[in-house]
Every structure is written in C-alpha cells, then in structure tokens.
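Turn these sequences into a full structure, and let the hints steer you where they fit.
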Amino acid sequence: MKSNKFLLMYLISLIVLINSCTGSGNSPSITNPDLYKGTQGLEIEVISNLPERIFENEPFEYVVKLTNNGVYDIKNGVLTLNVEKDYLSVDGKNIKKENINLQGKEIFQTLDDFEIKQFTIKSGNLDQTSQTHETLILTSACYDFMAKAFADICIDSDPHDINPTEKECKTKKIDLSKGQGGPVLISLIEPRMIMDDNYLRPQFKIHVKNSGRGTVLQHGREDTFCSSGNIAREQYNKVILSELSFSTFKKNDFDCSPEPLRLKGNEDVITCTLKTGKISKDITNYLTPITLELKYGYLISNSDMVKIEKILTS
171 MKSNKFLLMY
181 LISLIVLINS
191 CTGSGNSPSI
201 TNPDLYKGTQ
211 GLEIEVISNL
221 PERIFENEPF
231 EYVVKLTNNG
241 VYDIKNGVLT
251 LNVEKDYLSV
261 DGKNIKKENI
271 NLQGKEIFQT
281 LDDFEIKQFT
291 IKSGNLDQTS
301 QTHETLILTS
311 ACYDFMAKAF
321 ADICIDSDPH
331 DINPTEKECK
341 TKKIDLSKGQ
351 GGPVLISLIE
361 PRMIMDDNYL
371 RPQFKIHVKN
381 SGRGTVLQHG
391 REDTFCSSGN
401 IAREQYNKVI
411 LSELSFSTFK
421 KNDFDCSPEP
431 LRLKGNEDVI
441 TCTLKTGKIS
451 KDITNYLTPI
461 TLELKYGYLI
471 SNSDMVKIEK
481 ILTS
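Mind the numbering: the sequence shown is residues 171 to 484 in our numbering, read in order.
Treat the hints with care, as some may be off.
Said to hold, decoys possible - Estimated spans, in silico, between C-beta atoms of each pair:
#1 286 x 381: 53 to 63 Å
#2 288 x 435: 31 to 41 Å
#3 245 x 420: 36 to 46 Å
#4 391 x 450: 39 to 49 Å
#5 331 x 429: 27 to 37 Å
#6 422 x 304: 53 to 63 Å
#7 286 x 228: 44 to 54 Å
#8 225 x 437: 17 to 27 Å
#9 321 x 366: 22 to 32 Å
#10 429 x 342: 18 to 28 Å
#11 300 x 273: 11 to 21 Å
#12 418 x 246: 30 to 40 Å
Bear in mind the hints are in silico, worked out from the structure with no lab data behind them. For clarity, every value in this text was computed on a predicted model and none was experimentally measured. Yeah, the Cβ is synthetic: ideal placement off N, Cα and C, and Gly gets one too.
Okay, structure coming up:
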C-alpha cells in the first residue's frame, strides 16, 4: 500500500514537470526564458557540389538544407526554386515550390530542426551563336515568425523622486539586444511615466530591429510573396505588435503608434501609452512583468551561378 502511494506521488510530480516544460502554440514555455535568446531564424545552405560546367540537355542534382535556428516553429513556409527560362528547368518548369515545416527550439531538443530538399535541374539548348551561357539558380524561402520578449518594469507614480519615501523600484531602460530567438527583435524598451490629471499613464518606447540578412515582409502572406514574387511597397518591412501586457492590462488598453510598424533602415520605434483612467496617480510603485510579442514575415534567399556549354560536334 505504501509503495502504491509513492508511485502515485511520483506520477503526479512527473505530470507537473512535463506541464511546466511544455509550451503551447508555436512558442516555447514561458518558464524557460533562456530559450528566448538569439537573433537567428531559417537558414538556407546548398549542400550539393555544383559541377564547374554543364552541357546542353544535362541533368544535375541541386540539394538544399533548410535549418530552423530560431525559437519558434515554422508552419506552412514556402521554398521556391527559380531558374532562367529556356536555359534551365525543374520538372519542365522554371519555378518549383515546396512547403517548409520545421520545429523551433525545445528544452530537450539540442539540435536545430532541419529538412533536406532535393531537385533535379536540367539544362536546355543554347542558341546557335552561343558557345556558353552563365545563368542563376535562385532559392528563396518565405515564412512567418515572431519575437516574444519578457522583462520586469517599474510602475512608478513618483518618477522624479519628489517624495522622500523609499521606493521598491525605479523606472529604467530595459536592454533586450540579445534577441528573442529570431532575426527581428525588440532591442530596447524605454519606459516613461506620464501624469494625466489624477491618473498615471505608463508609456513604452519599443525599439524594433531587423538583425538578420533577410527582408521583413507582411505577416500571413508567405505563399503569395514566394510564389508570385509580386510584393507591393507597403508590404515590405511591416511588423505587427500583437501583444503588450503587464499587470491586468492588455494590448487594447494602450494607444500605440505607428501601427503597424514599418522599419526604416532595418529599425524603428513604436510608442505605446496606457489609456487614461486605468491607474491612479496615488498608487504605490511596484515591479511587474511585461510581455511583448511581434509578428512578421521574413524572406531569405540564396543564389548560385552555373555555366552551360554547347556540345561541340565535328
């Protein structure tokens, strides 16, 4: 009977441990903040050895390794292989599309998730006046990603230290430049306490930066961007602040501008101010966790040059 009790206690402890280590959706668990570090996302690597020269009507293998070095899952991403029409083809076409689904980092997963994509490319015929022709193989990947930042902020009703009382905390800048496990990151939060009649309105200047080698695109349009290549100007560098919360306040309790954010020179700032009437100016200052989440699309590409030679006949 005693052994059964010990077994039951062990099983309960095991269930609690598993639940505490498991996240939901495409994010790792909040109980493991060290996972939310780094500035890498999806990487493309060509692992096949391209021949120095390719003759007319000759097939060759083109093998690509896709690795998710980021924290978050990649779901329904799109990989496209583009080759020059009339000179190269993949399955008889100049564009080949594949889906990308890769897991993000997990506590017990030490290796980054990866996938191998193999293509058979065939060269075409050169015109009668050409002996050689150099042409590009362009590989592009479009995917949705996110950044989730956690920090402690001080809600201070006396930011200028007018009252001589001892305070639990003081308002200060929060450096998040180590990243949140993706190429776009919240690099800095600048809190400011604004007095508005009888109310305190915390304001946050949220610095956002693209630290990767790719291009930021509108979230939720990865299939369109990588399939057609038609990207409108307003769809570039578009980042959505999808979550902002502290204490009992959520995103809709704030006035944020600009929204959505469009990065200029790979970085910019979005300012969010708590709406009036939410916090009394007489509140005792306190330290509280803040959570921020960004959503964005991302495009990376890789190109290789191949040389096609005419088969000489005597």
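key: Satisfaction of the hinted span 18 to 28 Å by the C-beta atoms belonging to residue 429 and residue 342   = Cβ of residue 429 to Cβ of residue 342: about 26 Å, so the range 18 to 28 Å holds.
Pairwise beta carbon distance, residue 225 to residue 437, judged against the given window 17 to 27 Å = Since the Cβ atoms of residue 225 and residue 437 sit about 48 Å apart, the hinted range of 17 to 27 Å is violated.
key: Supplied distance hint 30 to 40 Å, evaluated on CB atoms of residue 418 and residue 246   = Cβ of residue 418 to Cβ of residue 246: about 34 Å, so the range 30 to 40 Å holds.
inquiry  = The hint says 31 to 41 Å between residue 288 and residue 435; measuring C-beta to C-beta, is that right?
reply    = Holds: the Cβ-Cβ distance is about 38 Å, inside 31 to 41 Å.
CB-CB spacing for residue 429 and residue 331 relative to the 27 to 37 Å hint = With a Cβ separation near 33 Å, residue 331 and residue 429 satisfy 27 to 37 Å, so the hint holds.
request  = Using the beta carbons of residue 321 and residue 366, state whether their distance is inside 22 to 32 Å or not.
outcome  = Given a distance of about 24 Å, which is inside 22 to 32 Å, the answer is holds.
task = Confirm or reject the claim that residue 422 and residue 304 have a C-beta distance inside 53 to 63 Å.
result = Since the Cβ atoms of residue 422 and residue 304 sit about 55 Å apart, the hinted range of 53 to 63 Å holds.
inquiry  = Please check whether residue 286 and residue 228 have a Cβ separation lying inside 44 to 54 Å.
reply    = Once the Cβ atoms are compared, 23 Å apart, the range 44 to 54 Å for residue 228 and residue 286 is violated.
query = When you take the CB atoms of residue 286 and residue 381, is the distance between them in 53 to 63 Å?
reply = violated, 27 Å
task = Go ahead and decide if the range 39 to 49 Å is satisfied by the Cβ distance of residue 391 to residue 450.
result = The hinted range 39 to 49 Å holds for residue 391 and residue 450, with Cβ atoms some 43 Å apart.
36 to 46 Å as the expected CB spacing between residue 420 and residue 245, which holds or is violated = Violated: the Cβ-Cβ distance is about 25 Å, outside 36 to 46 Å.
query = Range hint 11 to 21 Å: satisfied by the CB atoms of residue 300 and residue 273?
reply = violated, 46 Å
The structure does not agree with the numbered hints 1, 3, 7, 8, 11 stated previously, though it agrees with the rest.
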